[in-house]
Every structure is written in C-alpha cells, then in structure tokens.
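Quick mapping for you: the protein sequence lines, in order, are chains A and B. Reading the first sequence from the start, the letters are residues 220 to 331 in our numbering. Reading the second sequence from the start, the letters are residues 76 to 804 in our numbering.
Simulated from the structure, these hints should not be mistaken for lab results. All values reported here derive from a predicted model rather than from experimental measurement. Be aware that one or more of the hints could be misleading.
As the list claims (entries may be wrong) - Label-pair distances were calculated between CB atoms; the ranges are:
hint	chain 1	residue 1	chain 2	residue 2	range
1	A	Thr222	B	Ile451	26 to 36 angstroms
2	A	Leu259	B	Thr137	49 to 59 angstroms
3	B	Ile451	A	His241	50 to 60 angstroms
For each residue, glycine too, the CB sits at the ideal point set by N, CA and C.
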Amino acid sequence: MNTLAPVLVIALVGLVAAFVSHPLRRGVSERAQLAQEGRLADLEAAKASKYREIRDADMDRRTGKLSDEDWLELDRGLRAEAIAILHGLDALGPADPVTTSELAESATIAAR
Amino acid sequence: MGVLGQACLLTALGLSVYGAGASLYGAAPGRERWVVSGRRSLYALFAVVALAFLLLEIAFVTSDFTFPVVAGQSSLTTPWYYRIAAAWATQEGSLLLWLLLLSGASSLAIFSVRGRMRDVTPYATAVLLGLGAFFAAVLFFTASPFERVAVGPADGLGLNPLLRHPSVLIHPIFLYGGYTLFSVPFAFAIGALIVRRVDAEWIRATRFFTLTAWLLLGTGILLGARWSYAELGWGGYWAWDPVENASLLPWLVGTAFLHSAMIQERRGMLKVWNASLILATGVLCILGTFLVRSGILDSIHAFVQEGNTIAWAFTSLIVVMTAGAVYLVVTRASDTLRSDARIDSLLSRESMFLANNVTFVSITFVVFLGTFYPLITDALGEKRALGPPWFDDYIVPFVLVLVLLSGIGPVIAWRRSTPSRLWRSLRVPALAGIAVLVLGPLLTRAEESPLSLAMFALGTFAIGTGLQELYRGMRARQAMTGESPPLALAGVVRRNRRRYGGYLVHIGISVMFIGVAASTAFQHERDVRLTPGQSAKVGGYTFTYERPIARIAQRAGELERIALGSRVRVERDGKLVTVLRPERAYYPINAPMMGAISRYFEGNATSEIGLKAGLRRDLWIAEQPDIATLQPIIKAGDKVFADARGDLTARQRGDFLGVALGGLVNRYRTSEPPGQFRILVSPLVTFLWLGALFSLAGGLLAAWPEPGMLRGRVRAGYAARLAQELRRA
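Turn these sequences into a full structure, and let the hints guide you.
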C-alpha cells in the first residue's frame with residue numbers, strides 16, 4: 220500500500236490535469252458560433268418564460284381573477300413581447316420548417 | 076488510504092483555486108477556452124471530492140481506527156448504516172459532505188446553463204469554486220478527516236447515542252443539500268451584478284436550484300423537528316434553539332426570495348430587493364453551517380464539542396461574503412438595478428408579495444436577534460438568552476399575517492384587481508374562516524387562546540382559497556375540454572405545475588400552522604413522580620404506571636446499552652386506550668478508569684419516548700427513572716471489580732460483568748422504583764406532519780420541470796406562430 224499510494228496520487232493528479240487543461244491544449248474553435256448558440260439559448264429561455272406568462276394570464280381570466288378587458292390589454296402586451304422575442308430568434312438563424320406531422324400533432328394537442 | 080485522501084483534498088484545493096482564476100481570466104472576450112477549462116475544474120472537483128468521501132466512508136465501514144475521526148464516532152458494534160452516517164457526524168466529515176454537495180450542485184448548475192448567460196456564468200463559476208476553495212482549504216489545513224495515527228485503539232467510542240436515530244441518515248444531507256443548492260442562485264446573482272446584467276434571466280436559469288434548495292432545506296428542518304419530538308425527551312418539536320434557528324434563517328429569506336423573484340420575472344421590479352435577498356440567503360447558509368459546527372451558541376442540539384478551531388475561517392468568509400454583497404448591491408443600486416415598472420395598484424399580486432416579503436424579513440430579523448442575543452449581551456457585559464415565549468410573542472402575529480396573505484395572494488390578479496372582483500374570489504373562503512371564528516369558541520375551548528382561534532380562522536380561509544383555486548382551474552379546464560373532473564384536475568395541474576404546486580404549499584403550510592397553534596395552545600402537560608400502581612390524570616386521560624421494565628441490549632455480542640423504563644397503561648373513561656413503554660437508555664462511557672458498573676450510568680443517555688399518535692391528538696410520555704435505589708449496588712459492584720483487578724482474565728471479567736449487570740437489571744424490575752414522568756396530551760400534532768408532507772408534495776410539483784417548450788420553430792405569421800406554439804407547449 221505504501222508504494223501504491225504515490226502511484227495512485229500521481230495518476231489522480233495526471234488525470235485531473237489532463238482533463239482540465241484539455242480545452243487549453245486544443246483551443247475552442249467556432250467561437251462565433253458558440254456565442255450565437257448562447258444568444259439562441261437565452262432567447263429560447265425568454266420565450267418559454269413569456270409563453271408561461273401568457274398562459275398564466277389566460278388561466279387568471281378563466282378562473283375569474285382578471286376581467287376580459289384587463290386580460291385583453293395584458294395579453295396584447297405579452298404577445299407583443301413574445302413576438303419581439305420570436306423576431307430575435309429568427310434574426311439568429313433560419314426557422315425550422317414546419318412539417319405536416321407537426322401541424323397534425325399541434326391540432327390534436329390544441330383539441331385537448 | 077490516508078495519503079490518497081489528503082492528496083484528494085490538496086487536489087480539490089488546487090482545482091478550486093485554478094478553476095476560479097481561469098474562469099475570471101476567461102470572462103474577458105476571446106478567452107472562451109479558459110472558461111471551459113474553469114468549468115472542467117468544477118466537474119473535476121466534484122469527482123475528486125467524491126473519491127475523498129468514498130475513501131472516508133470505506134474507513135468508517137471497515138472500522139479503520141487508525142483514523143481518529145473513525146475512532147471518535149464509530150465502533151465495532153456500531154451498525155453498518157450508522158457507520159455510514161457517522162462520517163458526517165464528525166466535524167471533518169460534515170465539512171467534506173458540504174464540499175461534496177456543493178461541487179455536485181455547482182457542476183449540475185453550470186452544466187445545465189452551458190451555452191446560456193455566457194457573460195454571467197464565468198463569474199458564477201468563480202464564486203462557486205471560491206466557496207469550494209474555502210472548504211477544501213479548511214479541510215486540508217485545519218480539519219482533515221484523513222489524519223492518521225500509527226496505531227489505532229482496539230475499538231472506537233461509537234456514535235453519540237443521541238445521533239442513533241434513523242434521521243441521522245438523511246437529516247444532515249437534506250440540510251446541507253439546501254445550503255449548498257442555495258449557493259447556486261447566490262453565485263449567479265453575484266455574476267449578474269458584476270456584469271450589470273440584472274434582468275430576470277439569472278433568476279430563471281437558477282429557479283430549479285432555488286426551489287430544490289428551498290425544498291431540501293425545508294425537509295431537513297422538518298426531519299429535525301420530528302427527530303427532536305421523538306428523541307430528545309423534552310416534548311416538543313421546536314424550541315427556538317440556535318441550531319434550529321440557524322437552518323430557519325436562510326429558509327425564511329429564501330422563501331421571501333421565491334415570492335419576490337416572480338415580480339422581477341413578470342414586471343422587472345424589485346431587482347435590488349431580490350439581489351439582496353438571495354445574497355443574504357447565501358450568507359445565512361454559511362452562517363447556519365458555522366453555528367451548527369462551531370458551538371459558539373449553547374444548544375440542546377450541540378453534538379459537536381470540538382471547539383472553535385474553524386471559527387476564524389468561517390468568520391472571515393462571512394465577513395468577505397457580506398462585504399462583497401453589500402458593495403455590489405450599493406454600487407449597482409442607482410442605475411443597473413432600477414425597476415422597469417412600478418406597482419400599479421395596492422390591490423394586486425405584486426402588493427401581496429411585497430407585504431409577504433416584508434413579513435418574512437421581519438420574522439427573519441426577530442429570529443436573528445433572538446438567536447444572537449446571548450452573543451450581543453455577552454459583548455455588552457452580561458450574557459442573557461431569550462426563550463421560546465419571547466420568540467412566540469413577536470413571531471405569532473407575523474405568522475398570522477403570513478397565513479392571511481397566503482390566502483389572498485392566489486386569488487388576486489397581477490397588476491391590478493378591483494374590490495368587487497376580489498370579494499367575489501374571497502367570499503366563500505372568507506365566510507368559512509368567519510364560521511370557524513364564530514363556531515370555534517362554541518364547540519371547543521378555542522376562546523381560551525384568541526391567537527390560536529385567529530390562526531384556525533385564517534388557516535381555514537387560506538386552505539379555502541387554495542381549494543377554491545384548484546376547483547376553479549378544474550372547472551375552466553372542463554369547460555375547454557369536457558374532461559371528467561379528475562382528469563380535468565390532473566390536466567390543469569400538469570400544465571400549470573408552478574402555480575398549483577405553490578397553492579398546494581400554501582394549503583400545506585396553513586394545515587401545519589393550525590397544528591402548531593392547537594398543539595401549542597391546547598396542550599396538556601404534566602411532570603409527575605409516580606411509583607408502580609400510581610396514576611396521573613392529564614387532559615382527560617389516566618396514565619397508570621403499571622410496572623418497571625428493564626433490559627440489556629446487546630449488539631455483536633457486546634453490551635450496547637441498559638434500558639430502564641416502565642409500562643404505562645392509558646385509559647379514558649375507564650376504557651383502555653393504549654399501553655406506552657417509555658425508556659431511558661444508558662450507554663457506557665469509554666473510560667477505563669471509571670468504575671466497572673458505574674461507567675454504564677455515567678455516559679450518554681437517551682429518552683425513548685412512548686407515543687400514541689392520532690389524527691386528533693398525540694399521547695406522549697417520557698421517563699427519567701430513579702436509579703437512586705441502585706446506587707449502593709453500583710458502588711459495591713465497582714469495588715468488587717476494582718479489588719479483583721489483575722486477578723481476572725478479560726474473558727472472566729466480561730462474564731462476571733454480564734452477571735452483575737443482569738442482576739442489577741433484575742433488581743430494578745423487582746424493586747418497584749419510582750420514576751419522574753413527563754406526560755403530554757397534544758391536539759392536532761399530526762396536522763403538522765401532514766401539512767408538511769402536503770407542502771413538500773406541492774414544492775416537488777412546482778420544482779418539477781414543466782413540459783418542454785417547442786424546440787423547432789415554424790414558418791408562419793408571428794401571431795399565428797405564437798398561438799400555435801402556445802397550444803403545443
């Protein structure tokens with residue numbers, strides 16, 4: 220065990236050093252693409268959050284917390300903000316083509 | 076194993092320092108690979124600390140007493156599952172557990188946001204690794220669990236008897252899990268403040284970790300309360316003890332943050348407030364760990380007696396964290412943290428959340444002041460402590476306000492509502508609350524405690540609004556889909572987990588507080604000395620001490636404890652309700668110089684309570700046996716064994732000792748010894764545990780990820796596309 224311990228320690232440190240220094244040795248290519256992906260991810264998160272707000276407002280109306288007038292005003296504002304996010308998303312790259320099956324699935328879900 | 080463990084700690088320290096530096100250096104544009112390297116340091120830190128923790132667990136499970144930490148909290152007779160838990164019963168092991176959970180949670184958080192918030196993440200990574208560096212340094216330099224001696228003792232001292240409870244297996248993990256997970260939003264808040272990007276993105280990115288931290292810490296607190304109720308023998312689940320308060324403080328501020336963060340997400344408001352709350356939560360988590368481990372405040376839960384070897388380090392960290400947080404908030408308050416909007420109306424959910432926040436922070440201040448009062452007064456000359464009545468006087472009114480707000484909040488709309496609309500939403504629950512207020516004194520003794528009666532009424536109101544919201548949501552879903560009520564309820568909850576999870580938490584908390592109010596105000600309590608055959612009447616029940624019971628419990632062929640107790644018959648109106656068997660368990664102290672017999676009564680002792688829990692009330696009894704009649708025999712036995720020292724082999728000594736203790740136990744059984752009993756009849760304690768379970772279920776529901784939003788995007792007019800994606804999400 221006394222002789223094994225130094226070997227294990229050296230192996231541990233070597234493994235850790237190799238793992239941590241890997242990006243420095245290889246470099247990170249396509250930085251611009253990475254930055255764009257980051258912006259895309261941020262906008263997707265913002266979109267998800269805005270959609271949740273729209274659904275919440277709709278639920279507030281359905282459960283009687285919001286009057287129709289207040290809801291209309293709120294919903295209009297939220298949708299405008301969501302559309303701005305969609306614009307931002309599209310500005311980052313081409314939209315994915317919608318497929319027939321997606322539309323069919325969408326119709327099925329909406330019908331529920 | 077010791078060398079490898081020490082190497083792991085040193086590597087963890089090196090990784091933390093390097094990773095923090097690399098992340099900070101890589102935060103500048105064009106140095107992405109340093110950020111990636113820093114991130115990898117975090118992952119490697121988790122792997123290395125996991126290896127260290129595994130090595131420590133192997134030392135405990137294999138009873139390697141050359142490690143002093145193992146010899147101090149484990150023994151050959153300690154069951155394997157308690158040997159595993161004994162690792163974190165030690166100061167060194169608990170700090171290693173902290174580092175393990177911190178590095179695990181941090182790795183998960185940084186992995187989950189990779190690619191997002193590219194400006195904030197390097198600083199957040201650096202903060203998390205900075206915390207890692209602190210714990211790794213404390214472990215390596217002052218509290219290493221891998222220090223070793225050349226020759227260990229033949230056996231260890233064993234786990235502190237008070238810790239021999241199933242809760243020790245999970246309670247610390249939940250608490251530390253909560254503390255460490257709160258480090259994630261803390262770190263991202265710091266990062267967001269540094270780069271002056273204080274929109275709600277950092278809140279959204281860390282929401283899962285914040286909610287999970289809140290859930291884990293809350294569960295840990297409740298497990299501790301249950302443990303206290305079942306083990307400590309004083310008859311309560313909460314004593315406003317410093318160690319209890321230490322875990323409550325970050326939970327209170329974290330709860331306030333969970334509410335006010337929603338305002339920032341929705342309206343871009345309260346940015347200063349939210350940043351301050353989560354930074355305070357992070358600091359209080361470290362303070363909580365420090366209070367539990369340092370023993371600077373007297374506590375009934377103080378199992379650690381190592382002294383203040385880590386006090387200076389924790390104090391320094393707390394000072395640095397507090398100063399840094401204050402600096403960042405103050406320097407960003409005037410411009411970056413300005414709100415995007417204002418509160419439109421007092422009748423709005425924003426206003427309710429703000430009131431809720433003020434209440435939570437007020438409670439936090441009271442608990443903080445009460446907890447540190449002994450230190451403050453000690454510094455001023457005369458040390459004084461504040462007891463539960465002081466806490467109750469100040470906190471109960473605030474809790475009443477909280478329960479009221481938790482009832483109003485769910486039914487009031489964002490931005491603005493109208494009195495008539497609000498009344499339509501509140502009238503049914505409000506009438507239910509008023510009915511309790513009126514009927515309570517007529518049907519029960521509720522008028523004896525006006526504050527409790529108020530809690531029953533407000534709790535009913537809050538439960539009513541929660542249930543009403545579930546019903547309304549179900550009806551709305553039914554109107555849309557025509558589903559059956561159960562399906563519609565499941566559907567609406569599934570699609571709005573955060574909303575209905577929150578409502579369930581409110582319902583659960585209200586049920587809990589009803590239980591707390593009833594069990595505190597209407598508890599019957601009596602301390603009484605009884606001899607066999609005598610009875611005591613408590614809360615309409617007759618407790619009769621039928622006979623003493625005594626036994627020797629062995630484990631792995633060794634005497635583990637001597638349990639002395641009683642069989643107590645409980646009757647109501649002459650009918651048998653239950654039979655309770657409270658015991659006092661005596662664990663021997665490992666001190667060879669003490670008397671052979673008396674050392675079994677000079678060590679730690681635990682109360683094994685007798686409990687009959689019910690939905691309406693708990694019958695609870697603890698006993699302190701009177702062993703005065705045994706003392707002459709104990710002394711005589713000590714003398715016999717002392718005189719025979721050197722004449723007996725170890726085996727002979729063990730055999731004679733077994734005979735002597737067996738005789739002692741028999742003597743106790745036959746001598747009709749008196750006992751000092753503490754008897755409680757507490758109404759609705761079960762409500763507390765049921766409400767807690769309900770709240771936890773709601774918290775889980777809220778933390779559970781929502782159904783995934785669409786990844787693919789469709790070509791269409793934006794409004795149509797939005798409508799389509801909303802339907803599908």
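Tell me, in ascending order, the numbers of any earlier hints that this structure violates.
Number 1 only.
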